[in-house]
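**Q** In case it helps, my numbering puts the sequence shown at residues 42 to 266.
Hint data in this document are derived by calculation from the structure and do not stem from the laboratory. This one's a predicted model, so the numbers in the text were calculated from it and none came from an experiment. Possibly wrong hints are sitting among the right ones.
Restraint-style ranges between C-beta atoms, simulated for each label pair [unchecked claim]:
(1) 133 to 107: 46 to 52 angstroms
(2) 261 to 239: 36 to 42 angstroms
(3) 66 to 203: 38 to 44 angstroms
(4) 214 to 190: 16 to 22 angstroms
(5) 133 to 55: 31 to 37 angstroms
(6) 203 to 233: 18 to 24 angstroms
(7) 178 to 58: 22 to 28 angstroms
(8) 256 to 190: 45 to 51 angstroms
(9) 148 to 110: 25 to 31 angstroms
(10) 48 to 226: 39 to 45 angstroms
(11) 171 to 245: 37 to 43 angstroms
(12) 253 to 182: 54 to 60 angstroms
The C-beta atom is built at its ideal place from N, Cα and C for all residues, glycine as well.
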Amino acid sequence: MDDDHSDGEGFGPQKYTGIKMEVTDWSPAAKAAFENQVGRCIGSKIKAPFALNPEVYVLPMDNVLATKGTGVVTSVPSDSPDDCQTLYDLRKKAAFYKIDPSWAAIDPIPVISTPSYGDLIAPALLTELKIQSQKDTKQLAEAKEIAYKEGFYNGTMLVGEFKGQSVQDAKAKVRERMLEAGLAFAYAEPEGLIISRSADECVIALMDQWYLDYGEEVWRTQVEK
Numbered sequence: 042m043d044d045d046h047s048d049g050e051g052f053g054p055q056k057y058t059g060i061k062m063e064v065t066d067w068s069p070a071a072k073a074a075f076e077n078q079v080g081r082c083i084g085s086k087i088k089a090p091f092a093l094n095p096e097v098y099v100l101p102m103d104n105v106l107a108t109k110g111t112g113v114v115t116s117v118p119s120d121s122p123d124d125c126q127t128l129y130d131l132r133k134k135a136a137f138y139k140i141d142p143s144w145a146a147i148d149p150i151p152v153i154s155t156p157s158y159g160d161l162i163a164p165a166l167l168t169e170l171k172i173q174s175q176k177d178t179k180q181l182a183e184a185k186e187i188a189y190k191e192g193f194y195n196g197t198m199l200v201g202e203f204k205g206q207s208v209q210d211a212k213a214k215v216r217e218r219m220l221e222a223g224l225a226f227a228y229a230e231p232e233g234l235i236i237s238r239s240a241d242e243c244v245i246a247l248m249d250q251w252y253l254d255y256g257e258e259v260w261r262t263q264v265e266k
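Taking the hints into account, I'd like the entire structure generated from these sequences.
**A** In C-alpha cells:
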C-alpha cells in the first residue's frame with residue numbers, strides 16, 4: 042500500500058530484464074572469496090547471450106550500482122557513452138583500477154547504425170562533447186540522452202538475427218528471444234528508494250500473502266460464526 046511508506050510514496054514498479062551470464066573462468070580473487078564469504082568478480086571470464094565476443098572479462102565501472110540487480114551489467118561501448126569512456130579509462134589507468142591491461146584490450150564493435158553519428162555513436166559523442174573521463178558526469182549525461190534518442194528512434198541493427206530492422210522493433214524481439222531461450226528473466230524493482238514505516242527498504246515481490254479487507258461483510262459474517 043502506497044501510504045504505508047515513510048519515504049518513496051508514489052514510486053511504482055519498474056520492469057527490468059535480468060540477463061544470465063555464464064562464468065567460464067573465475068578470477069583468482071573470486072575463487073578466494075568463496076572461502077572468505079566476500080564476493081569479487083573482477084577479472085572473471087564470462088559469456089553473455091547474443092554477445093559478438095565469445096568471452097569477455099568482468100571489469101570495474103564507476104557508476105554501476107551494486108544495489109541494482111546483481112551489480113554486473115552488459116557493456117556496449119559502441120553505443121553507450123558511459124561504457125565507452127569506461128573502456129578508455131581502463132586502458133589508460135589499468136594499474137589504478139587493478140586490472141590486467143589485456144582485459145580491456147578490445148575495440149567497440151558496431152551494433153547500431155545511426156544517420157547522424159554513423160556506426161559508432163558513443164566514440165563520436167565523446168569526441169564531440171570533449172569528454173575525457175568518467176568524472177565528466179554532466180557531459181556524459183548529455184551524451185547518454187543523445188545516444189539513446191538517436192539510437193532508439195533512428196537506429197538500424199547491424200548484427201544478429203534482426204539485422205536491418207529498426208532498433209525500436211528489434212529491442213522487444215531480442216528480449217523475447219532471450220526469455221524464450223531461458224537466457225534471461227523478467228523482474229521488477231522500485232522506481233526509486235522506498236522505505237517502509239518500519240524503516241526497512243522495500244523490494245518488489247509476488248508472495249503468497251494478501252491484504253485482508255476486514256470490512257467485507259460475507260467474510261466477516263463467516264468469521265463471527
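**Q** Confirm or reject each hint.
**A** Right, here's what the structure says about each hint:
The supplied range of 46 to 52 angstroms is broken by residue 133 and residue 107, whose beta-carbon atoms lie about 24 angstroms from each other. At about 27 angstroms, the CB distance of residue 261 to residue 239 disagrees with the hint of 36 to 42 angstroms. For the pair residue 66 and residue 203, the supplied restraint of 38 to 44 angstroms is violated, since their beta-carbon distance comes to about 30 angstroms. Distance hint check: the CB atoms of residue 214 and residue 190 are about 20 angstroms apart, consistent with the given range 16 to 22 angstroms.
Between residue 133 and residue 55 the CB atoms are about 34 angstroms apart, so this pair conforms to the stated range of 31 to 37 angstroms. The hint said 18 to 24 angstroms for the Cβ distance between residue 203 and residue 233, and at roughly 33 angstroms that hint is violated. A beta carbon spacing of about 26 angstroms between residue 178 and residue 58 agrees with the range 22 to 28 angstroms that was offered as a hint. Between residue 256 and residue 190 the CB atoms are about 49 angstroms apart, so this pair conforms to the stated range of 45 to 51 angstroms.
Against the hinted window of 25 to 31 angstroms, the Cβ-Cβ separation of residue 148 and residue 110 comes to about 27 angstroms, which satisfies the hint. For residue 48 and residue 226, the hinted distance range of 39 to 45 angstroms is not satisfied, since their beta carbons lie about 29 angstroms from each other. Hint check: residue 171 to residue 245, Cβ distance near 40 angstroms, so the stated range 37 to 43 angstroms holds. Taking 54 to 60 angstroms as the suggested C-beta distance range, the pair residue 253 and residue 182 does not conform, at roughly 45 angstroms.
Checked against the numbered hints given earlier, this structure breaks hints 1, 2, 3, 6, 10 and 12; the rest are met.
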